[in-house]
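Here the protein sequences line up with chains X and L, keeping their order. So that you can map any letter, position 140 of the first sequence is 140 in the working numbering, and since no number is skipped, the others follow by simple counting. So that you can map any letter, position 150 of the second sequence is 405 in the working numbering, and since no number is skipped, the others follow by simple counting.
In short, the hints are calculated from the structure, not lab data. For glycine and all other residues, C-beta sits at the position ideal for the given N, C-alpha and C. It is possible that part of the hints are untrue.
Unchecked claim - Over the 10 angstroms line for every Cβ pair with chain L, so calculated as not near, a few chain X residues:
id, residue
1, T90
2, F119
3, A127
Stated by the list, open to error - Restricting the straight-line Cα-Cα distance to at most 27 angstroms, the calculated cross-link-like pairs of lysine-lysine (DSSO-like) are:
id, chain 1, residue 1, chain 2, residue 2
4, X, K144, L, K482
5, X, K214, X, K169
6, X, K142, L, K482
7, L, K686, X, K144
8, X, K144, L, K556
9, X, K142, L, K586
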Amino acid sequence: MMTVDRTGTPLVEMRDMSIAFGGIRAVDNVSIDLFAGEVVGLLGHNGAGKSTLIKMLSGAYAPSHGEIFIEGQKAEIHNPRDARHYNIETIYQTLALADNLDAASNLFLGRELVTPLGFVDEAAMEAETRKIMGRLNPNFQKFKDPVSALSGGQRQSVAIARAVYFNAKILIMDEPTAALGPQETEMVAELVQELKNQGLGIFLIEHDIHNVMKLCDRAMVMKNGARVGTVDVDKVTDDDILGMIIMGKKPPSAY
Amino acid sequence: MSDTPRTSGGTTGQAGAPQRSLMQSLELDMRLLGMIGAFVLIALVFNFFTGGNFLSPRNIFNLTIQTVSVAIMATGMVFVIVTRNIDLSVGAVLAISSAMMAMMQARWMPGWGVELGSPVMAPVAMLTGLIIGTLIGAFNGYLIGYQKIPAFIVTLGGFLVWRYAGWYLTSGQTIAPLDGTFILFGGAEGTLGETLSWVVGGLAALAAIYGVWSARQNRLRHAFPVKPLWAEFALGGAAVATILGFIATLNAYDIPKGKLRRMFEARGEVVPDGFSQGHGLPISVLILIVVAISMTVVAQKTRLGKYIFATGGNPDAAELSGINTRLLTVKVFAIMGFLCGLSAIIAQARLQSHANDIGTLDELRVIAAAVIGGTALSGGAGTIYGAILGALIMQSLTSGMGMVGVDSPLQNIVVGSVLVFAVWIDIQYRKRTGVK
Chain X
1 MMTVDRTGTP LVEMRDMSIA FGGIRAVDNV SIDLFAGEVV GLLGHNGAGK STLIKMLSGA
61 YAPSHGEIFI EGQKAEIHNP RDARHYNIET IYQTLALADN LDAASNLFLG RELVTPLGFV
121 DEAAMEAETR KIMGRLNPNF QKFKDPVSAL SGGQRQSVAI ARAVYFNAKI LIMDEPTAAL
181 GPQETEMVAE LVQELKNQGL GIFLIEHDIH NVMKLCDRAM VMKNGARVGT VDVDKVTDDD
241 ILGMIIMGKK PPSAY
Chain L
256 MSDTPRTSGG TTGQAGAPQR SLMQSLELDM RLLGMIGAFV LIALVFNFFT GGNFLSPRNI
316 FNLTIQTVSV AIMATGMVFV IVTRNIDLSV GAVLAISSAM MAMMQARWMP GWGVELGSPV
376 MAPVAMLTGL IIGTLIGAFN GYLIGYQKIP AFIVTLGGFL VWRYAGWYLT SGQTIAPLDG
436 TFILFGGAEG TLGETLSWVV GGLAALAAIY GVWSARQNRL RHAFPVKPLW AEFALGGAAV
496 ATILGFIATL NAYDIPKGKL RRMFEARGEV VPDGFSQGHG LPISVLILIV VAISMTVVAQ
556 KTRLGKYIFA TGGNPDAAEL SGINTRLLTV KVFAIMGFLC GLSAIIAQAR LQSHANDIGT
616 LDELRVIAAA VIGGTALSGG AGTIYGAILG ALIMQSLTSG MGMVGVDSPL QNIVVGSVLV
676 FAVWIDIQYR KRTGVK
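Make a model of the complete structure from these sequences and hints.
Below you can see the structure in the form of structure tokens.
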């Protein structure tokens, strides 16, 4: 695996992030950074706070405490639109697709292409969608159907296309392979590799240890809202990582 | 409308595109066809039992002007229901808008020295009604979107509040007479006449043809598959035939002799012997057509429309896509309120007075029209033309039964049953076709 240059300014730095929901500290003072061309895995049990941490970066939640820096500059992210402004794109676990709309409408949701008169340009959006789907998932043909009529893998590729299309610099993938078969999982793995080579920074929330070992450069483990530790994936075994997830035990190389 | 099956039936056997069925080639919405079918059936049955009176030009004219007020509000209700909300206050908002407009004409403006018949009277009164409706709608939307009070509660409250706020405004009195220009917007009193109606019909037909053509050009430009040419011609032809047939029918309903005489007397003339004049397109129907086209454009061609449907399909996804769903709720209810104000103009002008019970039960008629027209209460699905057809079907049932002599308790029973039955059919249809 290619080594990542971590000498410069990180692409993303989240410092001392905390958030509480009705007295429960879902994320408690967690810091994390991400460099260009790097894949950082976020691991932990359900409810460990991974998705919540990441939703503060994507603008879905407002942190109670903490600061976010994008390429060294303090970033103000109050809603999903702000996050998009910083070229942060998210593939949510739930996919966040409007089931009643077709692929093109979902891909461009919130960022529709318009004609000079200000009307939504359906044909141009469909053409762009055909282009990017041709690259991501050449078998995809259901451009006219609402996404509720698509298979799990097809829906996933629409969600991925939406994140990739708009020249993301920072990509957040929340369990992108959870609903997929082996072949589609392989497709996502290849895509992650390709995007990484293009210099994107990727946060990957993932339960499958095998995928973590294969795709990630570093992995951060969370437990009960707090950070257990961060490891360089090539310096540890899967058992070390499992130990961190299950017992909160840090291997020697962790920091 | 009867042209559609005949035109397409003749081409079924042609081997131009054997792999595509007739319906696929036409790319017609099955649900729309079902509704048109139901409407045609209702019309034919009533026509039979009334000995041809139901489909007489006179009755079609009356049916159309009776439908306008509910149909206009039903187009707004589509947006409301699509975003998973409901508006129970439309009849009440119509009532207070109407009360404001009546007070403007009969009390306030005369107090400012503007008398009935003054050219500023009607525009100012109408503007007042539209502004009041829009403001109340936006306020409802604010309570629902920003204060997170369920739409059902907010508008149930509004259902009681606004009608009786109107009652206090008018002290419960019926207010008449209204301004002459204002009354032109009610229907029979204000029509375009034969020539102008043909002009409007001709323009509408040209617009329909242009619509079909430009949609095809747009798809060709991006090298997308297009319908076979004969299908485009069949659809365009059916649209043109419907439009021109409708205009011809409205023109065929002559203005009654007595009214014609009064019209000529007002100009200091005498009606020539054997002179007759058709009504033509009522201004109120023209307004409905403009509303229908505008709302369809908003629904299909604007970001606002996209966001309305996306929010209805998945509110969380819409929010995560950067859509301000709270502001969207305000906009949707403001549109609804505006349309209530517009309907108030037409309803009041048609009745030529304001009474406190104006628009009573309209909320239920409007919701029923939208729902019969295929708007799903679960949100995310609905069409403007469906809602208008729904309103037309409801009005046809009511007035058809009235003509046949069904007494009014039974009328209500039938309309209520039809509502439930229509939704059941729709659910079955969705289940079969796998459409959510």
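Hint by hint, here is what the structure shows:
With a closest Cβ-Cβ approach of about 7 angstroms to chain L, T90 of chain X is found to fall inside the 10 angstroms limit, against its non-interface label. At roughly 4 angstroms, the least C-beta separation between F119 of chain X and chain L is not larger than 10 angstroms, which violates its mark as non-interface. Not every Cβ of chain L is farther than 10 angstroms from the Cβ of A127 of chain X; the closest lies at roughly 5 angstroms, contradicting the non-interface assignment. For the suggested pair K144 of chain X and K482 of chain L, the alpha carbons sit about 14 angstroms apart, so the restraint of at most 27 angstroms is met.
Restraint check for K214 of chain X and K169 of chain X: satisfied, since their Cα atoms lie roughly 22 angstroms apart, inside the 27 angstroms limit. With a C-alpha separation of about 17 angstroms, the suggested pairing of K142 of chain X with K482 of chain L holds against the 27 angstroms cut-off. Pair hint K686 of chain L plus K144 of chain X holds up; C-alpha atoms about 19 angstroms apart against a cutoff of 27 angstroms. Proposed proximity of K144 of chain X and K556 of chain L is supported: the alpha carbons are some 16 angstroms apart, at most 27 angstroms.
Annotation: proposed proximity of K142 of chain X to K586 of chain L is violated, straight-line Cα distance about 32 angstroms (limit 27 angstroms).
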